[in-house]
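Student: The sequence shown begins at 1 in UniProt numbering and counts up by one.
Honestly, the hints are just simulated from the structure, not real lab data. All C-beta atoms in this analysis are idealised placements derived from N, C-alpha and C, irrespective of residue type, glycine included. Mixed in with the good hints there might be a few duds.
SDA-like, lysine to any residue: derived pairs with alpha carbons at most 20 angstroms apart [stated by the list, open to error]:
#: 1; residue 1: 284; residue 2: 303
#: 2; residue 1: 66; residue 2: 11
#: 3; residue 1: 139; residue 2: 104
#: 4; residue 1: 11; residue 2: 51
#: 5; residue 1: 168; residue 2: 137
#: 6; residue 1: 76; residue 2: 49
Between beta-carbon pairs, the in silico distance windows are [unchecked claim]:
#: 7; residue 1: 99; residue 2: 168; range: 20 to 28 angstroms
#: 8; residue 1: 134; residue 2: 99; range: 27 to 35 angstroms
#: 9; residue 1: 363; residue 2: 263; range: 32 to 40 angstroms
#: 10; residue 1: 145; residue 2: 86; range: 34 to 42 angstroms
#: 11; residue 1: 145; residue 2: 114; range: 48 to 56 angstroms
#: 12; residue 1: 117; residue 2: 288; range: 49 to 57 angstroms
#: 13; residue 1: 114; residue 2: 8; range: 47 to 55 angstroms
#: 14; residue 1: 278; residue 2: 343; range: 27 to 35 angstroms
#: 15; residue 1: 279; residue 2: 99; range: 53 to 61 angstroms
#: 16; residue 1: 117; residue 2: 145; range: 19 to 27 angstroms
#: 17; residue 1: 140; residue 2: 87; range: 29 to 37 angstroms
#: 18; residue 1: 87; residue 2: 107; range: 26 to 34 angstroms
#: 19; residue 1: 204; residue 2: 158; range: 51 to 59 angstroms
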Amino acid sequence: MLAIKIWNYFKGYVIIRVEGLTLERLLNLAATHDIYLWDIKRKNNLVLEMKSTTRGFKELREIVKKVGCRVEIKDKIGLPFSILKLKERKMLVVGFLMFCIITIWLTSTIWNIEIIGNEQTPKEEIISLLKDNNINIGKLKFNMDKDNIKYMLIDNYDYFSFVSVNIKGTKMTIEVKEQDLPPEKVDKSYPCHIVAKKKGVIVKVVPRNGRAIVEKGEVINEGEILIAGILTNENREEQILVHAEGEVMALTRYSSIIKEPIVKNEERETGKVYKEKGIKFGDKGIIFMKGNIPFTNYKEMETKKDLINLQKYNISFPIKTVNYEYREVELKEIKQNIDFLKRDSQIKATKEINSQLPENVEIQSKNTRHQIDGNILTTQVIVEVLEDIGRKQIIGNKEE
1 MLAIKIWNYF KGYVIIRVEG LTLERLLNLA ATHDIYLWDI KRKNNLVLEM
51 KSTTRGFKEL REIVKKVGCR VEIKDKIGLP FSILKLKERK MLVVGFLMFC
101 IITIWLTSTI WNIEIIGNEQ TPKEEIISLL KDNNINIGKL KFNMDKDNIK
151 YMLIDNYDYF SFVSVNIKGT KMTIEVKEQD LPPEKVDKSY PCHIVAKKKG
201 VIVKVVPRNG RAIVEKGEVI NEGEILIAGI LTNENREEQI LVHAEGEVMA
251 LTRYSSIIKE PIVKNEERET GKVYKEKGIK FGDKGIIFMK GNIPFTNYKE
301 METKKDLINL QKYNISFPIK TVNYEYREVE LKEIKQNIDF LKRDSQIKAT
351 KEINSQLPEN VEIQSKNTRH QIDGNILTTQ VIVEVLEDIG RKQIIGNKEE
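Required output: the full structure, derived from the provided sequences and hints.
Tutor: The structure is reproduced here in structure tokens:
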């Protein structure tokens with residue numbers, strides 16, 4: 001039924017009104033001449049409304065004259081009539097098409113590029129690099145390869161630990177995360193602050209350029225300004241932007257917590273094995289189980305093979321046969337020596353802290369705490385070090 005309606009729309013049809021005393025004879029003659037009429041509705045004893053193809057209407061007019069009725073077209077429906085109307089309104093069609101093209105172009109174009117997370121790298125420098133690689137405002141977003149942009153930025157800035165590119169609407173947002181950049185690598189032509197890269201207690205501040213904000217003994221948090229790159233000229237009451245330089249030594253803490261069970265369960269295989277077969281297609285599969293797995297505790301292993309071996313053609317067949325193997329294990333409780341466990345946990349925690357320590361730090365103190373809570377031994381190692389906690393932040397890359 002739907003197919004017929006669609007066909008009639010593409011061919012075009014008319015809604016007609018027929019008035020007269022011989023309506024039944026009209027319908028009989030139309031059927032005799034194979035004139036297709038549908039949706040016939042009787043309005044009253046003298047009036048019928050119906051639908052007809054354009055060709056059928058031409059043939060029907062001769063029959064209408066023969067039986068002495070009157071016929072008029074109430075409406076013309078379908079693609080051919082719509083095209084005729086559009087031909088009569090060429091400027092309207094051209095204007096509509098132009099509007100559609102401009103709208104599609106405007107919504108498919110990048111009109112704003114936002115860079116976030118770049119505290120040590122000037123935004124202008126990143127924008128310039130993007131332009132050099134034909135990535136700028138006015139480009140179609142469908143031509144933007146987000147992966148290529150990401151890899152290009154990482155290749156050019158090896159201290160970017162993370163880059164994400166997101167396109168939403170007409171805006172491209174590039175988020176970067178920077179590793180601490182050595183002070184000598186920060187472009188000295190840009191004004192900057194020296195800010196804290198971690199929490200600590202100030203021991204010494206040596207400003208070589210810029211204005212010291214903090215003093216010895218102050219507790220500072222990550223991101224706080226230590227040496228400001230904004231100087232105030234008292235005579236002219238104006239601000240001067242400089243590239244801050246200096247050292248800020250502080251006591252910082254590194255901590256690691258290791259938790260270990262005093263009594264632990266150890267698995268040992270008994271030698272009993274239960275096997276089943278199955279089929280996998282992608283991530284989905286069927287296991288042909290004969291019954292339940294007869295073990296309470298077990299290890300599961302599976303080996304897969306292509307249902308049809310096409311390896312010589314370097315083709316991996318998507319359907320695999322799978323052999324499942326369930327190995328029974330016994331759980332045995334083993335109580336560990338607490339003194340040995342304390343030493344082992346302390347070594348693990350110390351190794352973890354050593355992996356976090358920057359170069360050229362002076363260890364001031366090291367404390368180890370052990371606590372037993374039920375079956376769990378908790379070991380905490382705290383190392384206090386003296387280090388330079390300053391890092392440069394370009395002024396204007398982050399709201400002050």
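Student: Is it true that the C-beta distance of residue 117 to residue 288 lies inside 49 to 57 angstroms, as the hint says?
Tutor: 53 angstroms, holds
Student: Between residue 140 and residue 87, does the beta-carbon spacing fit 29 to 37 angstroms?
Tutor: For residue 140 and residue 87 the Cβ distance comes to about 33 angstroms; the hint holds.
Student: Could you say whether the range 27 to 35 angstroms given as a hint is met by the Cβ separation of residue 134 and residue 99?
Tutor: 29 angstroms, holds
Student: Decide if the proposed pair is consistent with the structure: residue 284 and residue 303, CA atoms, cutoff 20 angstroms inclusive.
Tutor: This hinted pair holds, its Cα atoms lying about 15 angstroms apart.
Student: Taking the beta carbons of residue 114 and residue 8, is their distance inside 47 to 55 angstroms?
Tutor: About 53 angstroms separates the Cβ atoms of residue 114 and residue 8, which means 47 to 55 angstroms holds.
Student: Between residue 139 and residue 104, does the CA-CA distance stay at or below 20 angstroms?
Tutor: 13 angstroms, holds
Student: CA of residue 168 to CA of residue 137, is that 20 angstroms or under?
Tutor: Judged against 20 angstroms, a Cα distance of about 14 angstroms means the pair holds.
Student: Using the Cβ atoms, figure out if residue 145 sits within 34 to 42 angstroms of residue 86.
Tutor: 39 angstroms, holds
Student: Starting from the hint 19 to 27 angstroms, judge whether the C-beta atoms of residue 117 and residue 145 obey it.
Tutor: The hint (19 to 27 angstroms, Cβ to Cβ) holds, given that residue 117 and residue 145 are roughly 21 angstroms apart.
Student: Given a hinted range of 26 to 34 angstroms, is it respected by the beta-carbon distance of residue 87 and residue 107?
Tutor: Given a distance of about 29 angstroms, which is inside 26 to 34 angstroms, the answer is holds.
Student: Lying within 53 to 61 angstroms: is that true of the beta-carbon distance residue 279 to residue 99?
Tutor: 56 angstroms, holds
Student: Between residue 145 and residue 114, is the Cβ distance one that fits in 48 to 56 angstroms?
Tutor: 18 angstroms, violated
In this structure, the earlier hints numbered 2, 11, 14 and 19 are contradicted, and the remaining ones agree with it.
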